[in-house]
Structures are given as C-alpha cells and as structure tokens.
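Chemist: Each chain, written out:
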Amino acid sequence: MGAGHAHRLYRHGHSPVHTLPPHTKLAACFAFVVVVVSTPREAMWAFALYAVLLAAVAYAARVPAGFLLKRLLIEIPFVAFAVLMPFVAEGERVDVLGLSLSVNGLWGAWNVLAKGTLGVAASVLLASTTELRELLLGLQRLKLPPLLVQIASFMIRYGDVITDEMRRMRIARESRGFEARGVRHWGVLAKSAGALFIRSYERGERVHLAMVSRGYAGSMPVIDEVTASRAQWSHALALPFAALVVCLLGWTL
Amino acid sequence: MDAVTASLEVSGLAFAYPDGHQALFGVDFRIGRGERVALLGPNGAGKTTLVLHLNGILTGGAGTVTVAGLPVDKRNMAEIRRKVGIVFQDPDDQLFMPTVREDVAFGPAAAGIKGAELEERVRTALELVGMAAFADRPPHHLSFGQRRRVAVATVLAMEPEILVLDEPSSNLDPASRRELADILRSLDVTVLMVTHDLPYALELCPRALVLSEGVIAADGRTGELLGDDELMRTHRLELPFGFDPRSVTMGA
Amino acid sequence: MHVPDGFINAPVSAVTGVVAAGAVAVSLRGARRELDERTAPLAGLVAAFIFAVQMLNFPVAAGTSGHLLGGALAAILVGPFTGVLCVSVVLLMQGILFADGGLTALGVNITDMAIVTTVVSYAAFRGLVKVLPRKRRSVTVAAFVSALLSVPAAAVAFTLIYAVGGTTDVPIAKVATAMIGVHVLIGIGEAAITALTVGAVIAVRPDLVHGARGLQQRLRLRVNGELVDAPAATPAPAAARSSHRKVWITGLVTSLVLAGFVSFYASASPDGLEKVAKDKGIDTRTEKHATEDSPLAGYGVKDVSDARISGGLAGVIGVGVTVVAGSAVFWAVRRRRTSDGVSPSSTSQVA
Numbered sequence: 001m002g003a004g005h006a007h008r009l010y011r012h013g014h015s016p017v018h019t020l021p022p023h024t025k026l027a028a029c030f031a032f033v034v035v036v037v038s039t040p041r042e043a044m045w046a047f048a049l050y051a052v053l054l055a056a057v058a059y060a061a062r063v064p065a066g067f068l069l070k071r072l073l074i075e076i077p078f079v080a081f082a083v084l085m086p087f088v089a090e091g092e093r094v095d096v097l098g099l100s101l102s103v104n105g106l107w108g109a110w111n112v113l114a115k116g117t118l119g120v121a122a123s124v125l126l127a128s129t130t131e132l133r134e135l136l137l138g139l140q141r142l143k144l145p146p147l148l149v150q151i152a153s154f155m156i157r158y159g160d161v162i163t164d165e166m167r168r169m170r171i172a173r174e175s176r177g178f179e180a181r182g183v184r185h186w187g188v189l190a191k192s193a194g195a196l197f198i199r200s201y202e203r204g205e206r207v208h209l210a211m212v213s214r215g216y217a218g219s220m221p222v223i224d225e226v227t228a229s230r231a232q233w234s235h236a237l238a239l240p241f242a243a244l245v246v247c248l249l250g251w252t253l
Numbered sequence: 001m002d003a004v005t006a007s008l009e010v011s012g013l014a015f016a017y018p019d020g021h022q023a024l025f026g027v028d029f030r031i032g033r034g035e036r037v038a039l040l041g042p043n044g045a046g047k048t049t050l051v052l053h054l055n056g057i058l059t060g061g062a063g064t065v066t067v068a069g070l071p072v073d074k075r076n077m078a079e080i081r082r083k084v085g086i087v088f089q090d091p092d093d094q095l096f097m098p099t100v101r102e103d104v105a106f107g108p109a110a111a112g113i114k115g116a117e118l119e120e121r122v123r124t125a126l127e128l129v130g131m132a133a134f135a136d137r138p139p140h141h142l143s144f145g146q147r148r149r150v151a152v153a154t155v156l157a158m159e160p161e162i163l164v165l166d167e168p169s170s171n172l173d174p175a176s177r178r179e180l181a182d183i184l185r186s187l188d189v190t191v192l193m194v195t196h197d198l199p200y201a202l203e204l205c206p207r208a209l210v211l212s213e214g215v216i217a218a219d220g221r222t223g224e225l226l227g228d229d230e231l232m233r234t235h236r237l238e239l240p241f242g243f244d245p246r247s248v249t250m251g252a
Numbered sequence: 001m002h003v004p005d006g007f008i009n010a011p012v013s014a015v016t017g018v019v020a021a022g023a024v025a026v027s028l029r030g031a032r033r034e035l036d037e038r039t040a041p042l043a044g045l046v047a048a049f050i051f052a053v054q055m056l057n058f059p060v061a062a063g064t065s066g067h068l069l070g071g072a073l074a075a076i077l078v079g080p081f082t083g084v085l086c087v088s089v090v091l092l093m094q095g096i097l098f099a100d101g102g103l104t105a106l107g108v109n110i111t112d113m114a115i116v117t118t119v120v121s122y123a124a125f126r127g128l129v130k131v132l133p134r135k136r137r138s139v140t141v142a143a144f145v146s147a148l149l150s151v152p153a154a155a156v157a158f159t160l161i162y163a164v165g166g167t168t169d170v171p172i173a174k175v176a177t178a179m180i181g182v183h184v185l186i187g188i189g190e191a192a193i194t195a196l197t198v199g200a201v202i203a204v205r206p207d208l209v210h211g212a213r214g215l216q217q218r219l220r221l222r223v224n225g226e227l228v229d230a231p232a233a234t235p236a237p238a239a240a241r242s243s244h245r246k247v248w249i250t251g252l253v254t255s256l257v258l259a260g261f262v263s264f265y266a267s268a269s270p271d272g273l274e275k276v277a278k279d280k281g282i283d284t285r286t287e288k289h290a291t292e293d294s295p296l297a298g299y300g301v302k303d304v305s306d307a308r309i310s311g312g313l314a315g316v317i318g319v320g321v322t323v324v325a326g327s328a329v330f331w332a333v334r335r336r337r338t339s340d341g342v343s344p345s346s347t348s349q350v351a
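Protein chains in written order, with the numbering used here: chain H, 1 to 253; chain Y, 1 to 252; chain Z, 1 to 351.
Calculated from the structure, these hints are not laboratory results. Check before you lean on any hint, since a few could be wrong.
Using C-beta positions, here's what the derived DEER-type ranges look like [to be verified]:
hint : chain 1 : residue 1 : chain 2 : residue 2 : range
1    : H       : M169      : Y       : D244      : 46 to 56 Å
2    : H       : R167      : Y       : K114      : 35 to 45 Å
3    : Y       : N76       : H       : R62       : 46 to 56 Å
4    : Z       : A25       : Y       : S143      : 44 to 54 Å
5    : H       : F67       : Z       : A163      : 30 to 40 Å
6    : H       : T227      : Y       : D28       : 45 to 55 Å
7    : H       : Y59       : Z       : V18       : 29 to 39 Å
Not everything, but these chain H residues come out facing chain Y in the computed CB check (under 10 Å) [stated by the list, open to error]:
hint : residue
8    : W45
9    : R133
10   : L209
11   : A210
12   : V212
13   : S213
Beta carbons are placed, not taken as given, at the ideal position from N, Cα and C, and that holds for glycine.
Taking the hints into account, I'd like the entire structure generated from these sequences.
Modeler: Structure representation (structure tokens):
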C-alpha cells in the first residue's frame, strides 16, 4: 500500500504551526484522533465541526487544500471497503435507488469514512508541518523508548539509501521492458528485493561500524535539547480541547 | 617501546567470519605509547579485520587485545571505544549527522559529556584539523579532503589513547595529503596507520608492521622494511615507480 | 491490512493497544539481550527495508494486490524481539507520516502485523531449523515456510480482532474468507521474497542472519607456517546462552498457543466457506470481497468461483498451518529433549 509513500511529505514553511515544538504537535494530533474516534457516529454534525477545526489548522499552517486532499488518497483502499459495507452487512435493510442496503452497514461505512478521513487528515497535517528529524526528537521527548526512536531514526536514514537503490533497480528493470503483471513476475520482484537488501545492508553496516567505534551503545546522544513553553503547549492543545468540547456535546445532545 | 604499559597489545589473535572465511591466524604485536606505526599488507591480508578487533567490534575469536592495559571485552567496551579512535576509509560512512558540529559532538556526547564542555571538545577537535569554520555545514557539502579531516576530528573529539587510521591517504589530492600528514604529525597520540601507501607510511611512521596471510610477517623500521626487496616481493608490497626508500631522509 | 481510525471500536482498540504496548515492552527487554549494540542500526535497516518492500505491490489474482508484511523477514534477520520492534516502528511511522493506518488503530495494527507475524514465523522458523539438517539451504527453506504461514496467521488475527470489535456487522465468515483467502496468496509472495532475501543475505553475509547463528566452525592458528586448531574456542557467554534458551522456550510456548488458535480457525473457516456457499443462492450480491489492500479491491472479483477458490484455499491452508506448526513444534520438542538428554553441548550455539 504505497501510493503515498513516494510523496514529498514535508512542506517547508514558517507558519505558527510549523514553529510549534514537535512533541506538542504529536500529542495534540494523537489526542485529537482519540477524541474523534470516541465520538458517537450518530452525531454527524460533530464530524463536520472536526473537519472545520482541521481546516482552520490547515489554514494557519498555510497548507493548501489541494495538497491536503491529494494526500488523503492514501485512504482509498478503505473507502473501497466502506463502500462495500452497506451491501454485505447484516441486519435491517432499506431500499436506496433500487438497491437493498443494510442500515447497519450504512452506519458502519459512514463511521469508518468519517473517522478514518479525519484521522488521516490530522496525520497529514502533522507530517506536512513537521520535519522528520523534529518528529523523532518529539517522539523522544514524549518518552517513546529510546530503542524505538533509534530504530525509527535509522529507518529514516536508511530509507533514502533504499529508495534510491530501489528506483535505480526499477529503472533498470523497466528499461528492459519488464513490468510486474501477475504471479509469473513475482520471482523477479523477489530477487530484486534480495539484491536491494544486500546493497542497503552493507552500506548501512559501514555507517553503523563508524557509530559503534565512536561509543554508540544503543542510544543516540542528546546534543540539542527541545523544550516547549507553556504557551506553546496551550497553542498545540487548543485543537484537541476544542475537539473534546465537540465530542462531549455529541454525547449529550 | 619505552612506555611501561603499551598503548596497544595484541596477542594470539585469530578470527574467522561466520561464512567460514578465516582472516586472522594468530596476530601478535605491541605498540608503545606515543609511537606512530604503519600497518602494511596486501589486499585481503586481514588488515580491516584486525582494525575491527582493536575496539571490540569483532570479537569471539581466539587471542586477546589490550588497550592501555585494559583488555577488550564486554565489560570495558565503553571505555575501549573511547580510547581507540578509528577513522574509517570512507568519510561518508563516518559522517552521519546533519552538521559537522553534531557529527563531531556525537562521540563525546555518547560518552556523557554535555553543555559547555561538549562545545569545547568540538571546537578544539575542529581547530586541530583546521575545520572550525565549517562547524555548521552539512558534511556532504564539503570536499573529500575536508570530509576526511572532519572524520579525523570526530575521533579526536573523544581524546583517544590511540588513533587508528584506515587508508588515510586514499582518494586525497597531493595538497590534502600533505595537510593531513601535517595534522597527524602535530598530534600527540599513538597512531596506527593501516595503508597501502608506502611513501606515506615512510613519511609518517618510523616503525612498520607487515601483515600477510593473517599473521605479522615483519616488524621493524619502516625504511629498512621497505628497502628489503625480498620481503616486499613475498608479501605483494610494491613501491611506486621511481621511489627509493633508501634515498629519502626521514624527519620523523 | 492497515486498519484506519474508527474501524475497530474503542474498547478493542484500547485492549489491543495495551497488548501491543506490553508486547513492545517485552520485546524491548528481549531485544537488549538478543542483540548487542548492533540492535538499533540493523533493526533500523530492516525496518527501512520492510518499509520499502511494502511499496512493492504484488499483483494477486483478478486485479487485486497486496503487500509484504515483513514480520517473518524481520524475525529471521534480527530475531523475534527486535523483529516485533522493527515492524512496530514501521507501523508507527506509517501512521504518523503517511497516515497509513490510524493512530488509534495502532494497537490493532501492531498486534496484527507486528506481533502475530513475527511470533508465528519465528516459532515455525526455529522449529524447522531444528528439524532440518544444519545447512544454509535449510535456513532458506525454513524462511520460506515460516513467511508463508505468517501472512494468513495475520489475516486470522485480523479476523479475530474484527469479530470482537468491528464497528460494522459484516458477517464474520465473509471477512474471514476474504481476508484469509487473499492473504494466502500474498503469503506465497511474502514467502518467496523472504526466502530469496534471507538466501541472498546468508550467501554473502551469514553473520547478519540471526536465525542462522550456530553455523560456525573451529578457528585455526598459523604457527610457524603450520595451521593448527586453536585451543578450545571460547564458549559463548553464559548470558547469551540462557537468553537463547529463553527465546526458544518463549517461541515454543507461543507457537503452542498459536497452534491452538490456528486449529480453532482451521475448523471454523471451512464452516465459513460452507456458509458462504449456502448463502450464495439467496444472496448473490455479496460475492464481492473486501480486500482492503488494493484500490481495486472488490471490483475485480467477478464471479462466485473466485470466492470458492479463495475460500477453499483458506480451508486448505488452515489445516496445513495446523499440521505443519503442530508437527514442527512436536519434532522440535522431541529433538530438544533427546539432544538435551544425550549431550547438552550439542545444541549450544556459539553466538
């Protein structure tokens, strides 16, 4: 499921959202999604309000709508699933345009679509306003176990190496007229993967030896500290708090 | 070998890679404090394998390595890594942080040094290699020679007991080569230089070891070893065309 | 198989979140013992690799496609604990950066794609390696089989989670048939890639394959030009050995538990299949299958025979999984017992 992986994620900018410390943004994003997910699906207007909230953030971050929408395409596989739900779900049925649809399935589809889309949009906003390095520092600040932060940072560092190698190998394959079309071509793809692995592994290993030689023992030394002021926290958390208010209204109304 | 405790002592070191290829067959040598020693040997002699044993990246074979009286084993690993500074052949492998400053700070920071002392270490190390002006540049925007120097600085920042350089002169133009030699001569540390570059070894290191087929085949004054045609031929070491070690007057 | 926000209900998301957090915590402890300071970089590389190969979409049948899960590969290359961490990190980063898989569904995704795949494949892998002759080819074969099992196992786990906490009441049999059917096919792809990758790595750098440790030989010294055997190779440190044993026992127990689960589903999925077949007469609209791995999902599956084929495959694999996993565990236990009885050192592995 890689449609979105090749996109440039980060949009450089100096908006108020860009300058917030990364861990506040991560916390805000996560809290927002939790709130959204725990909203009852019947409160349709609440989801509209969430969308408005995200639109406001996008506006503040100067992320154009087109960019945001394009990145939402990652969701398509689940949209397909959601579209099917009303057909396959059980329970009471209604007729819409001559099709017999499950009421439960309709609700389920709406639920997945609304919550999924909002979650994706929130993540997209986070990724497009925060640099990768910052995100990692943020995760570290949020007390994600250091080993995980390490794996993530190495993953990102090696990611470039691998994508480069992969692009070169794909071009080599395609320039010889190869295109993966079915089961018959799995062998070629798999062999590419093997070669890709060795290439990246050996490259990465040399870097690793250099790190180990300089006293690296499993955790990245902290050279520059990231800190967030109270004001920055309150700015970042404005989003989930607003969402929480909407959510509570959704439960009570 | 004047010092009481040697900077580096290797005895009976043997090692085979897990694929079955055995690279070292019992290596013995000793380097005194403050010495500059060249490790010469043909391709495949086991030079890199030996280097990786010096700070415990490779272990598990037979024999021992001792750095400043400290055996290389799991317990002393952090200390050993601080004492043995390895400069790898390709500076692109050595430099992995976003800026020169962060890269040089990596080693000392990993050893727990922080704040002003850390900045001081970084500054000193960069000044030693003449790269202080480049602290905030990304390493991959520097020239090859500059990157090699930054790589040396990353190791110097850890204030090592012994500096191990893997092919320090490879891919350097003559000017960068000379600048690096000047830097190395100005340092007050024990140096083990692994190289094919025989004139460079002669220029910088009074003593040389020849590693061949996984054992130390010769150990002596660099000039004498390079002048021994029989020895040189046996171990596939060749001097550059027209270079005669006997005609060189050595400053070192 | 990335689950978005709102797909699984809150309680189950929370429970799987706790499960995932627990498993990650255990893995963190385990990984520290499993590998030395190599852990993070090698694991990072494996994670990056998994990230990358998840972009290689397999054309499966009839216009659908799926991607590698990578759990088997990670487990074999860097060990089960580190493997869990690798895949978890991939999922976390996919969630944060690419919005691929919801943040609140992270627990579900980790449980399903990181834990289940890794544990199942590693258990199968260790079992097979113990049983097969101690050669490199055996490692490749074991990699193939364990990867093959891991993907349908993940599909089963997903179905289970869905059965408990799905927010829509799509009949569980349909979900199971679709998920497992498609993922059996993906499993073949996964197996091929895993085996070829492991095979490639083991041919060039066997030291990098966690699962191939112990294929080492004695050292020799050159003394006065003669080669002599080195004095008794230093035994593996006691810590490494005991951790190895612990990994082994954990693997065994989990594989037993999982074998139980799988056999439960092996008997359940033919039921599901029968149910689909029975329903078919009255309910021809439901032939479309929700395979959420492809944008084309559901459009390509044109007729019922496809459902039958995938369902049949699901049944076959369910039984196959049980037989293979069960016998592997059995053999492993027996072999271990006998070898322990005869000479404890014969199973000791020089790390």
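Chemist: Confirm or reject each hint.
Modeler: Hints and how they fare:
| no. | hint | in the structure |
| --- | --- | --- |
| 1 | M169(H) <-> D244(Y): 46 to 56 Å | 49 Å, holds |
| 2 | R167(H) <-> K114(Y): 35 to 45 Å | 40 Å, holds |
| 3 | N76(Y) <-> R62(H): 46 to 56 Å | 54 Å, holds |
| 4 | A25(Z) <-> S143(Y): 44 to 54 Å | 47 Å, holds |
| 5 | F67(H) <-> A163(Z): 30 to 40 Å | 38 Å, holds |
| 6 | T227(H) <-> D28(Y): 45 to 55 Å | 53 Å, holds |
| 7 | Y59(H) <-> V18(Z): 29 to 39 Å | 37 Å, holds |
| 8 | W45 | 46 Å, violated |
| 9 | R133 | 7 Å, holds |
| 10 | L209 | 6 Å, holds |
| 11 | A210 | 4 Å, holds |
| 12 | V212 | 6 Å, holds |
| 13 | S213 | 4 Å, holds |
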